[in-house]
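Construct all of the structure, not just a fragment, from the sequences and the given hints.
Here is what each chain is made of, one letter per residue.
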Amino acid sequence: MEELSVAALWWAVIASGLYHGLNPGMGWPLAVSAALMERKTSALPKALGLLALGHFLSMLAILLPFSLMITLVEYESEIRIGAGVIVVAMGGYLLINRRHPRFLARVHPARLALWSFLAALAHGAGLMLVPIYLGICAIAPEDTGHLAAQSLMQNDLGVAVAVAGLHTLAMTGAGAVIAVFIYLWLGLKFLSKTWFNLDLVWALSLVLVGLFGIWSAVTH
Amino acid sequence: MNLRPDPTFHASAKLAMEAPIETYGFTVMLSPDGSQPDGIAVVDLDPKSKTYGEIVHQVIVPNKGDEFHHFGWNACSSSLSPLTGHAFLERRYLIVPGIRSSRVYVIDVKEPLEAKIHKIIEPEEIFAKTGYSRPHTIHCGPEGIYVSTLGGGGEDGTDGPPGIFIMDCETFDVIGRYEMDRGPQDKHYDFWWNLPQDYMVSSEWGLPPQFENGVVPEDLLSNKYGHSIHFWDLRARKNVQTIDFGENYQMALEIRPAHDPTKSYGFCGVVVDTTNLQGAIFTWWRDDDGTWKAKKVITIDPRPEKPENLPPLLQGFEAVPPLVTDIDLSLDDKYLYVACWGLGEMHQYDVSDPMNPKLVGKVEVGGIAKGTAHPNGKPFVYGPQMVEVSRDGKRVYWTNSLYSTWDDQFYPDDEGGQMVMAHNDEKGFRLAEDFYIDFPKGYRSHQIRLEGGDCSTDSFCYPNV
Chain F
1 MEELSVAALW WAVIASGLYH GLNPGMGWPL AVSAALMERK TSALPKALGL
51 LALGHFLSML AILLPFSLMI TLVEYESEIR IGAGVIVVAM GGYLLINRRH
101 PRFLARVHPA RLALWSFLAA LAHGAGLMLV PIYLGICAIA PEDTGHLAAQ
151 SLMQNDLGVA VAVAGLHTLA MTGAGAVIAV FIYLWLGLKF LSKTWFNLDL
201 VWALSLVLVG LFGIWSAVTH
Chain X
1 MNLRPDPTFH ASAKLAMEAP IETYGFTVML SPDGSQPDGI AVVDLDPKSK
51 TYGEIVHQVI VPNKGDEFHH FGWNACSSSL SPLTGHAFLE RRYLIVPGIR
101 SSRVYVIDVK EPLEAKIHKI IEPEEIFAKT GYSRPHTIHC GPEGIYVSTL
151 GGGGEDGTDG PPGIFIMDCE TFDVIGRYEM DRGPQDKHYD FWWNLPQDYM
201 VSSEWGLPPQ FENGVVPEDL LSNKYGHSIH FWDLRARKNV QTIDFGENYQ
251 MALEIRPAHD PTKSYGFCGV VVDTTNLQGA IFTWWRDDDG TWKAKKVITI
301 DPRPEKPENL PPLLQGFEAV PPLVTDIDLS LDDKYLYVAC WGLGEMHQYD
351 VSDPMNPKLV GKVEVGGIAK GTAHPNGKPF VYGPQMVEVS RDGKRVYWTN
401 SLYSTWDDQF YPDDEGGQMV MAHNDEKGFR LAEDFYIDFP KGYRSHQIRL
451 EGGDCSTDSF CYPNV
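Residue numbers (this note's numbering), protein chains in the order written: chain F, 1 to 220; chain X, 1 to 465.
One should not assume that every hint holds.
[Stated by the list, open to error] Below 27 angstroms or equal to it, Euclidean Cα-Cα: the simulated DSSO-like pairs (lysine-lysine) are:
#1 Lys394(X) <-> Lys189(F)
#2 Lys224(X) <-> Lys295(X)
#3 Lys40(F) <-> Lys334(X)
#4 Lys40(F) <-> Lys14(X)
#5 Lys189(F) <-> Lys14(X)
#6 Lys193(F) <-> Lys14(X)
#7 Lys238(X) <-> Lys296(X)
#8 Lys263(X) <-> Lys46(F)
#9 Lys40(F) <-> Lys193(F)
#10 Lys334(X) <-> Lys14(X)
Treat the hints as calculated values from the structure; they're not laboratory data.
In structure tokens:
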């Protein structure tokens with residue numbers, strides 16, 4: 001039963017990655033633009049790589065503090081509930097404040113990694129992973145109670161890097177597929193056609209994931 | 001907010017050219033003496049319509065003396081920038097500043113025949129939040145709506161330099177000044193940019209005391225109007241370079257960058273060279289070493305004229321200066337249209353090679369001491385002025401008034417407002433006989449905006465491929 005849950009959570013990491021990747025707000029149009037501006041195909045993977053780097057660092061920036069906190073095993077469920085509340089609050093905030101963060105527009109178009117890092121932070125993309133990550137940490141180490149804090153921390157750090165890495169890989173893959181199709185075959189006309197407003201869905205996803213985190217902490 | 005990008009947002013200039021053609025135009029109605037309130041005329045541009053070429057609706061504002069001049073959209077194709085996340089805005093509101101009152105009107109044109117005022121921003125708000133006055137050119141861009149101003153603070157607008165301020169593109173709140181470091185820029189007029197390359201170019205007319213009561217001949221002859229263009233790091237909001245064309249190149253006005261964002265050049269029109277009365281177009285470009293350069297690529301000569309046929313201002317010169325007051329570049333970056341307001345001519349240059357423009361078409365209508373009639377026999381007062389090119393490049397629209405007090409100086413006996421159209425196709429560049437709008441009595445006409453965008457509003461984030 002528990003193995004199934006861990007597997008499901010890892011799949012959730014991948015699924016959220018695909019979801020982030022498909023969202024134009026996470027940067028695939030920038031990769032198309034970079035390749036077209038530079039007039040060479042090699043600019044496309046380069047841009048996707050920079051976007052991936054920014055996204056990965058942003059995920060880590062959110063997950064690492066939680067991976068340090070989770071070593072406080074006796075407060076585990078409080079931390080998980082607290083994290084869930086933060087994620088729900090972020091979703092709620094994005095539901096009420098439907099305006100786009102203006103500071104993103106101020107980043108130089110060539111600083112793709114920085115843009116990707118800030119975009120993921122501003123949209124709460126990293127937060128969306130927190131309840132899933134905490135779920136994995138809570139289930140995975142089978143004899144949590146017997147492990148020294150040191151090794152537990154290392155273990156959780158490793159999980160945080162793995163979660164961020166796998167998620168980023170899935171995200172980049174999904175974004176790359178769209179970017180390559182538009183760049184090579186579909187053309188720019190398709191760009192505005194595939195550009196859907198996911199703002200509402202995104203905010204609701206955060207609320208749902210946060211509620212899931214709280215629920216799993218309470219029922220654990 | 002839409003679920004999909006507004007269909008009038010186009011990723012590239014090429015896609016904008018292929019989009020459906022305009023069916024409405026919006027044109028400034030100016031009461032030159034402030035005896036009536038100004039307005040925006042909604043013009044039917046659909047040749048299949050029964051009211052083709054007529055004013056089918058007017059939005060008349062509640063105040064007098066605003067002096068409408070230039071205006072623009074709340075959102076354009078630049079909203080498709082992958083950086084900004086503004087793809088779901090609607091191109092719906094026209095931002096119309098009063099250059100004399102510093103009041104800004106936001107007009108909702110979603111239903112062109114029912115266009116109405118959505119919001120009025122009072123001058124006090126602009127003064128308090130920006131320290132600028134005399135709002136002018138409107139562009140929608142990365143951080144919202146950018147508004148250039150021609151005046152600084154104080155009664156006559158000379159307390160501090162003018163600049164650009166930013167408005168929120170959804171609430172229309174005035175946010176504040178754009179500039180972080182303006183460098184030597186101390187006068188303002190037009191501005192435009194290349195979004196992916198992240199640069200902006202701005203130009204200079206003159207300070208409010210130099211234009212509000214008419215051209216000041218002493219200032220013109222002592223070369224005190226603007227003659228520089230300024231290059232900016234758009235997102236860092238910093239001046240990176242200023243190019244002085246030379247002090248005799250008085251009034252460097254319209255900035256027209258190439259629409260394809262892979263290109264790093266554009267044009268600027270100069271009203272008059274005080275050494276020989278020529279009009280001039282400069283091409284500016286970014287050199288291989290990253291610095292900006294500019295070179296005069298077009299000159300237009302004045303026409304000799306007997307003093308008794310000239311307005312008092314020009315009698316001493318015994319010539320009609322071309323007065324290059326507006327230019328517009330087609331979306332394929334091929335044709336540059338140059339309004340010679342003094343001569344009464346609209347020139348069409350092939351600028352496929354931006355360093356070697358070729359004059360390929362010319363239309364004569366109006367003009368100082370000439371007053372060429374429209375081919376339909378009706379008069380065209382003043383000369384060709386604000387020019388707007390359709391997205392597909394096949395129709396060129398223009399009006400005749402420059403600025404209330406300047407019209408009266410250069411054309412003291414004329415009065416009226418006209419909007420005309422020229423075709424540009426395999427039969428050449430020529431005026432359409434069936435398109436002639438005479439504005440209601442007491443109103444002059446100025447800038448034109450086309451439904452869904454035109455050649456002087458939209459900036460694109462993706463190259464033509």
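Problem - Restraint status (C-alpha distance of Lys394(X) to Lys189(F) at most 27 angstroms) - result: The given pair, whose Cα atoms are some 22 angstroms apart, holds under the 27 angstroms limit.
Handout entry: Hinted pair Lys263(X) and Lys46(F), Cα distance within 27 angstroms
Key = Roughly 22 angstroms between the alpha carbons, so the hint for Lys263(X) and Lys46(F) holds.
Exercise for the section: With a cut-off of 27 angstroms on the C-alpha distance, tell me whether Lys238(X) and Lys296(X) pass. Expected result: Status holds; Cα separation ~26 angstroms.
Practice task
Given the hint that Lys193(F) pairs with Lys14(X), test it: the Cα-Cα distance must not exceed 27 angstroms.
Solution key: Satisfied, since the Cα-Cα distance of roughly 16 angstroms is no more than 27 angstroms.
Handout entry: Satisfaction of hint between Lys14(X) and Lys40(F), Cα-Cα up to 27 angstroms
Key = 19 angstroms, holds
Handout entry: Given pair status - Lys334(X), Lys40(F), alpha carbons within 27 angstroms
Key = 25 angstroms, holds
Practice task
Take a quick look at whether Lys334(X) and Lys14(X) sit within 27 angstroms of each other, Cα to Cα.
Solution key: Cα-Cα ~12 angstroms, so holds.
Exercise for the section: Decide if the proposed pair is consistent with the structure: Lys40(F) and Lys193(F), CA atoms, cutoff 27 angstroms inclusive. Expected result: 24 angstroms, holds
Handout entry: Holds or violated: Lys189(F) to Lys14(X), with C-alpha atoms at most 27 angstroms apart
Key = Holds - the C-alpha atoms of Lys14(X) and Lys189(F) are around 10 angstroms apart, at most 27 angstroms.
Exercise for the section: Measure nothing beyond the straight line between the CA atoms of Lys224(X) and Lys295(X); if it is 27 angstroms or shorter, mark the hint as holding. Expected result: 21 angstroms, holds
When held up to the earlier numbered hints, the structure conflicts with none and fits them all.
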